[in-house]
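Undergrad: One-letter residues, chain by chain:
Number of protein chains: 2
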Amino acid sequence: MLNFELYNPVKIVFGPGESSKTGMYAAQYGKKAMLVTYEQHDFFNQLLEKLYKSFEDAGVEVVQFYKIKPNPRLSDIRQAVEICRKENVDVVVALGGGSVMDSVKIIAAGALYKDDVWKMFVSRHDVEVAVPPTETLPTILIPTKSATSSESNCIAVATNDETHEKAYVWTPVIFAKVAIMDPELTATLPPFQTAAGAVDAISHVLEAYLNGDQNSPVQDRINEGLITAVMDLLKNILKNPDDMQARASLQWAATLTWNGYLQSGLNAPTPCHQIGHVLSALYDIDHGVTLAVVMPAFFKYTAHLNDERAARFAELGNRVFGISRDGRKDIEVAEEFINKFEGFIKEVGVPTKFSEVNIPKEDLDKIADDVVRLGCNAQGELPSIPPIKRDGLMQILKLAY
Amino acid sequence: MLNFELYNPVKIVFGPGESSKTGMYAAQYGKKAMLVTYEQHDFFNQLLEKLYKSFEDAGVEVVQFYKIKPNPRLSDIRQAVEICRKENVDVVVALGGGSVMDSVKIIAAGALYKDDVWKMFVSRHDVEVAVPPTETLPTILIPTKSATSSESNCIAVATNDETHEKAYVWTPVIFAKVAIMDPELTATLPPFQTAAGAVDAISHVLEAYLNGDQNSPVQDRINEGLITAVMDLLKNILKNPDDMQARASLQWAATLTWNGYLQSGLNAPTPCHQIGHVLSALYDIDHGVTLAVVMPAFFKYTAHLNDERAARFAELGNRVFGISRDGRKDIEVAEEFINKFEGFIKEVGVPTKFSEVNIPKEDLDKIADDVVRLGCNAQGELPSIPPIKRDGLMQILKLAY
Numbered sequence: 209m210l211n212f213e214l215y216n217p218v219k220i221v222f223g224p225g226e227s228s229k230t231g232m233y234a235a236q237y238g239k240k241a242m243l244v245t246y247e248q249h250d251f252f253n254q255l256l257e258k259l260y261k262s263f264e265d266a267g268v269e270v271v272q273f274y275k276i277k278p279n280p281r282l283s284d285i286r287q288a289v290e291i292c293r294k295e296n297v298d299v300v301v302a303l304g305g306g307s308v309m310d311s312v313k314i315i316a317a318g319a320l321y322k323d324d325v326w327k328m329f330v331s332r333h334d335v336e337v338a339v340p341p342t343e344t345l346p347t348i349l350i351p352t353k354s355a356t357s358s359e360s361n362c363i364a365v366a367t368n369d370e371t372h373e374k375a376y377v378w379t380p381v382i383f384a385k386v387a388i389m390d391p392e393l394t395a396t397l398p399p400f401q402t403a404a405g406a407v408d409a410i411s412h413v414l415e416a417y418l419n420g421d422q423n424s425p426v427q428d429r430i431n432e433g434l435i436t437a438v439m440d441l442l443k444n445i446l447k448n449p450d451d452m453q454a455r456a457s458l459q460w461a462a463t464l465t466w467n468g469y470l471q472s473g474l475n476a477p478t479p480c481h482q483i484g485h486v487l488s489a490l491y492d493i494d495h496g497v498t499l500a501v502v503m504p505a506f507f508k509y510t511a512h513l514n515d516e517r518a519a520r521f522a523e524l525g526n527r528v529f530g531i532s533r534d535g536r537k538d539i540e541v542a543e544e545f546i547n548k549f550e551g552f553i554k555e556v557g558v559p560t561k562f563s564e565v566n567i568p569k570e571d572l573d574k575i576a577d578d579v580v581r582l583g584c585n586a587q588g589e590l591p592s593i594p595p596i597k598r599d600g601l602m603q604i605l606k607l608a609y
Numbered sequence: 209m210l211n212f213e214l215y216n217p218v219k220i221v222f223g224p225g226e227s228s229k230t231g232m233y234a235a236q237y238g239k240k241a242m243l244v245t246y247e248q249h250d251f252f253n254q255l256l257e258k259l260y261k262s263f264e265d266a267g268v269e270v271v272q273f274y275k276i277k278p279n280p281r282l283s284d285i286r287q288a289v290e291i292c293r294k295e296n297v298d299v300v301v302a303l304g305g306g307s308v309m310d311s312v313k314i315i316a317a318g319a320l321y322k323d324d325v326w327k328m329f330v331s332r333h334d335v336e337v338a339v340p341p342t343e344t345l346p347t348i349l350i351p352t353k354s355a356t357s358s359e360s361n362c363i364a365v366a367t368n369d370e371t372h373e374k375a376y377v378w379t380p381v382i383f384a385k386v387a388i389m390d391p392e393l394t395a396t397l398p399p400f401q402t403a404a405g406a407v408d409a410i411s412h413v414l415e416a417y418l419n420g421d422q423n424s425p426v427q428d429r430i431n432e433g434l435i436t437a438v439m440d441l442l443k444n445i446l447k448n449p450d451d452m453q454a455r456a457s458l459q460w461a462a463t464l465t466w467n468g469y470l471q472s473g474l475n476a477p478t479p480c481h482q483i484g485h486v487l488s489a490l491y492d493i494d495h496g497v498t499l500a501v502v503m504p505a506f507f508k509y510t511a512h513l514n515d516e517r518a519a520r521f522a523e524l525g526n527r528v529f530g531i532s533r534d535g536r537k538d539i540e541v542a543e544e545f546i547n548k549f550e551g552f553i554k555e556v557g558v559p560t561k562f563s564e565v566n567i568p569k570e571d572l573d574k575i576a577d578d579v580v581r582l583g584c585n586a587q588g589e590l591p592s593i594p595p596i597k598r599d600g601l602m603q604i605l606k607l608a609y
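These protein sequence lines map, in sequence, to chains G and E.
Heads up: the first sequence begins at 209 in the numbering used here, then just goes up one per residue.
Heads up: the second sequence begins at 209 in the numbering used here, then just goes up one per residue.
It should be emphasised that the hints constitute simulated quantities derived from the structure, not laboratory data.
Certain hints may be false.
Identical copies go unnamed one by one, so any copy, or any two together, can satisfy a pair.
[Said to hold, decoys possible] Taking lysine-lysine and the DSSO-like style, the derived pairs with C-alpha atoms no more than 30 Å apart in a straight line are: (1) Lys-239 with Lys-275; (2) Lys-447 with Lys-548; (3) Lys-229 with Lys-219; (4) Lys-322 with Lys-219; (5) Lys-229 with Lys-385.
This is chain G alone, in the form it adopts within the complex (with noise of 0.2 Å):
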């Protein structure tokens, strides 16, 4: 375990029927509040009048913004800045996934920011440095997918759409001052969503898991609880989808797998991520699934090279899906757990494999590059245990498509 320091002030309201108090929340804040949501916002119309009916019971008048894209655009935030600070808007609300999410966290800082709010920006090429904002709107973030934890962390991600560019925020500064987390909210989503949403859950355990300090048993059973917990949830949810309590634990889950709480003292790089954002930001394709067909791929590589990585995921399968131990090479039970693993998101109906996204297989090296360029170190490795250089970037990709 490595020192590690640990704060978290965001006010969770959590539970069904608690987005009615938006209103109420929001007024603690100004009178005039943004509301943010997806551009494609349909599914959730008479969502968004409740929460209308909310503001205006509370006296607060209500600026909107229902353009976010998913994958949020920068052009987009760059807009929302503007007319945020034309309408002195007190108060930045989210209705929506990570990228409503993350859009809201840019834009309430970027109103406050006195260049354009790319300089805030993180692992961008033009830069050797990012210039963190200081100060923020205050936001209330209401997530309406069990994902990205981006409701109660520092963290926002966004693409440059001129650069093709996925680059991110992170910064205490962020935090939202309330996250308003209601279970039936999630139920608007497909459960296509659901299930690559739940996926991108569990890949911020792995990440955590496999990547951090690795002498933390503490954050290990940790862990190892939350995977085996998030799985049988999604199960649960994809056969009853009604079961508000099944998407209640499903949406504690994801948050508490990115907030900082459980990952602390690991420090942990999250390659798989690395890999993800190029794939979102070179085909627009969902994260969660970026990480469902990365994932078994970056297992395979890293488990074959060498005993320790094999013993891992070996402990991992074990623990978490019971697979016995008892006279067997850690390598076979490390590639049971894998094809287990595999299985498992196939079952909940995401892809696994760079050809089911309509990845083009000439592309490998060019998102090759991309990862070298945009997630890699100075020495152009990726961050992971052990580092992968790009030799072992492509060989991942290959076991991808």
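Got chain G; can you put chain E on it based on the hints?
TA: Chain E in isolation, oriented as in the chain G frame:
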């Protein structure tokens, strides 16, 4: 899973050596700090010297209050409040276990409280409604024991030495600004205290697991993982007291057991704690020890009450100790779990019977009376699953004897 609100703004600074930064953090809140620790502090004199140096380097003047006793007394707290006011202290710093940290939370709030601090406390026999504090001096908490999670929660417990009542203050106002968790400090403890502290940490998890909402699989899986980790770590530390990695993990686990995050949505009462508090107040027994003597008896009694309880213990036994449920009655598995758990407590050197801690057999009625008076609801029931009346309580006390 139940609806909930969660807010925990404590900044955690974690890791071996981090306590050397205490002065730097204190300086963020003013020029004069009150440093509070135990009356008996010989075993960490060296540590106190280091802290002093850290304050000195940061230009912070120190007012000493080295008078806290285990199971802290209201009279000592009152005295510290007076000194705080007279000396115009800016920030109050705790070095110690739960007793010192809880005292500091009350001292810091007491310094700004318009009335006698006892008026803040809930579950006193002499009032209908407590008056919680609305403001506090900033506090920095430095735990020397892995046990109570006091450093990261907003609860404080103390004993009124006139009325022999152990009561508590529970309000977000008393959250610390900073918790400095330095595992090296926990190595100052004798093995018995390390063990008793870990039993306390496990008791938090078990109270939540057994008495909180019973339809919360995410919390269940996490809690099972936490218990498993703490038991393994404690056994390691007793064998290798200098294993700082194990101490770090145990300390992190302990804070997670009662900081609000992993207990959210459960709304768990704490029946074993209610009985334990009475034992501490009457006989000045270590908090962890009171739980060690109450839990096995409580479990034996409740496991036999109905099939649902037996099944709950059986699930716990299966997941934590790997006890097979195949072809066996739940109550058999439950009994095996309880025996194994009691065996674990004995193995780590902590008493499991009243007779071992010199509680006289003729006092059982008096103990039950105090639990009813201080820990039960208006219907005379101890909140738990299921609620326990006085006759059940007497059976538990007899089993504990």
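Undergrad: Now look at each hint and say whether the structure bears it out.
TA: Hint check:
| no. | hint | result |
| --- | --- | --- |
| 1 | Lys-239 with Lys-275 | within (22 Å within a copy, 50 Å between copies) |
| 2 | Lys-447 with Lys-548 | within (20 Å within a copy, 37 Å between copies) |
| 3 | Lys-229 with Lys-219 | both (13 Å within a copy, 28 Å between copies) |
| 4 | Lys-322 with Lys-219 | both (28 Å within a copy, 29 Å between copies) |
| 5 | Lys-229 with Lys-385 | both (14 Å within a copy, 28 Å between copies) |
Taken one by one, the earlier hints all hold for this structure without exception.
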